[in-house]
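2 protein chains.
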Amino acid sequence: MNRLYHVPLSPFCRKVRLSLAEKRIEVDLVEERYWERDLDFMRRNPAGKVPVLKIDGRTLSESAAICEYLEETHPEPSLMPKGAAERHEVRRLVAWFDDKFHHEVTSKLLYERVNKKITGQGYPDSTNVKAGAKAIKYHLDYMGWLLEQRRWLAGDAMSLADFAAAAHLSSLDYISDVDWNRSPHVKDWYAKIKSRPAFRSILADAVPGFPPPQHYADLDF
Amino acid sequence: MNRLYHVPLSPFCRKVRLSLAEKRIEVDLVEERYWERDLDFMRRNPAGKVPVLKIDGRTLSESAAICEYLEETHPEPSLMPKGAAERHEVRRLVAWFDDKFHHEVTSKLLYERVNKKITGQGYPDSTNVKAGAKAIKYHLDYMGWLLEQRRWLAGDAMSLADFAAAAHLSSLDYISDVDWNRSPHVKDWYAKIKSRPAFRSILADAVPGFPPPQHYADLDF
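In the order they appear, the protein sequences are chains A and B.
Going by this note's numbering, the residue at position 143 of the first sequence is 143; the numbering climbs one at a time, nothing skipped.
Going by this note's numbering, the residue at position 164 of the second sequence is 164; the numbering climbs one at a time, nothing skipped.
With the rest of the complex left out, here is chain A (with noise of 0.2 Å):
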């Protein structure tokens, strides 16, 4: 059986469990305490970051990576368009979202309110929180702005980007961080995706001690 190694407010195990369900790939979840970094653990991904996938016979990390691995091993229904330069945009908006968005939003809003009190590094820093609370507008904005052009975020189909962008705004909703009011672009484009059914078990997700907003898995928010 295939598993998956994962921490269920992670964005990037979140885009891989999107990447997974979408393509009906079935597959264990498995909770990895992956700052404990256990030897087994360590052994399985000598980066020390979930997710970490078993497929195939084969260990596999970087969330990327792997989503790229799973639309070359199960190519339908797709999530990457056709043409090098639509292949380009939609690989630029999930670094975007993996990268910029990740250390200007993710890693101040989710890590220092959840992460820093799972991990027992003491309580969140009201610096980093109101510059995440700060730019995620900025992001909101730029996705309204595309979103305005495009039916999905890198164009006419829904691909890795919508989940790259759907992972961190999903788990930074489980805790109220997301303003829906902002940009009726993108609240519209996060209700087709929430509504699909690769979505139900990111929104059935309840971490202890951090219980979701009732919208969190509202399809009506």
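Calculated directly from the structure, the hints in this document are not laboratory data.
Treat the hints with caution; some may be incorrect.
One copy or two, it doesn't matter: identical chains are merged, so the pair holds either way.
As the list claims (entries may be wrong) - Quick list of in silico lysine-lysine cross-link-like pairs, BS3-like style, CA-CA up to 30 Å:
(1) LYS54 with LYS23
(2) LYS82 with LYS54
(3) LYS23 with LYS117
For clarity, every value in this text was computed on a predicted model and none was experimentally measured.
With the hints as your guide, set chain B onto chain A.
Showing chain B alone in chain A's frame:
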């Protein structure tokens, strides 16, 4: 004419320069003072980062996405293997260097010693420099372990993984921060890659105020 907006010591720009040169794609190099966030530049890449590549009438950003684009539009000579698992290993290692190595080593050494001065952010933080000098040892050992088992970092053929690693190490070698005596496998690997014609422009880089050490451009270092 194709145009690459870059800064000379950026490992992300160097990775793209190596790909372009290996594939014999001619390009004008334009130095970009990205930290000044010039409006024209922000229009080319709203992420405000280099490299940015103008090619085929398009403006591309994000170094890994650019390299995948070049691979798809100029497949020969190939910098990616054919099999999905082998391609995953290349992408995993590109992410290893551009994410983990960058965070633990490059940002702690190169950015403290050079970027801070160039961008007017003051003096190196000695805690960071110490942490970077310690972390690079572990990374060189990991590379040595991989190269004991493989001709190149990701397998038997040279790939984007080697260019990602060589891009970081060459930038650090410019400021004498690589101990080439730590692993004979790593030294042999770097000698092989350094002697490629694609490497010439990188060995000719000169940053005002930061002259490279003598061994930097020496193929017999």
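Outcome of the hint check:
Taking CA atoms no more than 30 Å apart as the test, LYS54 paired with LYS23 passes inside one copy only; the shortest distance there is 16 Å, against 34 Å between copies. In this homomeric assembly, LYS82 and LYS54 come within 30 Å of each other (Cα to Cα) both inside a single copy, at 27 Å, and across copies, at 21 Å. Taking the closest pair of Cα atoms, LYS23 and LYS117 never come within 30 Å of each other, the shortest separation being 34 Å inside a single copy and 49 Å across copies.
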